[in-house]
Amino acid sequence: MSVRSRSLFGTFAARPLRPADVELVGSWLDHPETQMAIEDEASTPEERRELLRDLADAALPGDNACGYIVERRGEPCGFIHLMWINWISRTGEVDLLVAPGRTRSAAGFAVMQQSATIAFDQLNLNKIYCYIYANNAVSLAPLRRVLTIEATMRQAAVRDGSLTDVYLASLTALQYRQRKQEIAWHEHER
Amino acid sequence: MLELGTTVGAHRARAGDRPGLDWHEATGQDLAELHDWYQRSQEPFAVEISGPDPGMTISTFRTWCTSDATMLVARTRGELAAFLWLSSIQASVGVASIDWGFAPSHPVEASSFARTMRTAARALGLRKLHLMAMPDQHARLELASRLRFVEEGRLREHFFHNGKLNDLLCLGWVDRR
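Residue numbers (the working numbering), protein chains in the order written: chain A, 1 to 190; chain B, 1001 to 1177.
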């Protein structure tokens, strides 16, 4: 199932990751701009593609991870990795990725919107959360508009040889529904 | 395999200590008994940010206990007395999650356990540990405080247990060495 939303910036749609998307998303993940913002544990380009291939084969519910492509006018502009889904506590971690070069555009907000729509309107999760490095100002500013920072993990990561804090930010289903009403978050098209 | 058992158990010999536990990395038999403990436990067992799933089979449980993780156990009189679990180990940044449990019949000796935790963390190259606890787990929080864990946040409605979604307190320990 795909999800479509219309905003002032145009129409965005999310659809499940397909095997044909693996190379494109892999190239986004390889980009230095992305590598600066994602987790420290080293992974090779081939390991990243293997993970993406697994996500393209994921079947929900049952598996605890899935991937979605966000498109604008049919062109991929973002990637959502929903993982560590706990079907009992109904929580899931999200990694959001905007195609390099678009980071400051409306695509960032749209990718976050789409991840919430998938988590709450499709999968009936109760909460999504993500980790953000304290030095990742580009991601932090837009995410703070929507997510709540619930924890600040001191010295939990290394960036440029120095210890840095990591924020854990979240959105509950209740907050999502309230914000949808407050700001006419988006309209669905079928 | 890490030779943690001998190192950690050696703390017993320190002058003035109350007898501690002899810890070792969990064997297949230990994991089978831990699985039984996990299935019978009324307390949430080995809570981490994404779990646990209360219905794990023995094979899933073994993988969960040992994948990117180290499970240490201690026995007294032939029975499991305690476990100390270091999971989600990120070796390159020295960060992991931690959990522990004590059999009801075995009293916790905080200073001895603190040394066990420190020794295990250092043996694995860890300098930062994260612990999760529900706000009403008073004994767990008291021990965490004695081990110098500091509250770093509160995760709302994060963990389903006893018929409702519970908050989880997020605590952190940094090796000040």
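Hints listed in this document are in silico derivations from the structure and should not be mistaken for laboratory results. Remember, predicted model here, so these are calculated numbers, not experimental data. Any given hint might turn out to be false.
Each pair of labels, with its calculated beta carbon distance range [what the hints assert, rightly or not]:
#1 B/Trp1037 - A/Thr11: 30 to 40 Å
#2 A/Trp84 - B/Trp1037: 38 to 48 Å
#3 A/Ala59 - B/Asp1068: 20 to 30 Å
#4 A/Gln181 - B/Glu1043: 31 to 41 Å
#5 B/Arg1148 - A/Arg144: 27 to 37 Å
#6 A/Arg144 - B/Thr1057: 21 to 31 Å
#7 B/Arg1040 - A/Arg144: 41 to 51 Å
#8 B/Glu1033 - A/Leu60: 12 to 22 Å
#9 A/Arg144 - B/Val1150: 47 to 57 Å
#10 B/Ala1123 - A/Arg159: 42 to 52 Å
#11 A/Asp57 - B/Gln1042: 32 to 42 Å
#12 B/Ser1041 - A/Trp87: 39 to 49 Å
#13 A/Glu33 - B/Glu1079: 48 to 58 Å
By construction, the Cβ of each residue, glycine as well, lies at the ideal position given by its N, Cα and C atoms.
Structure versus earlier hints - violations, ascending order:
1, 2, 6, 8, 9, 10 and 12
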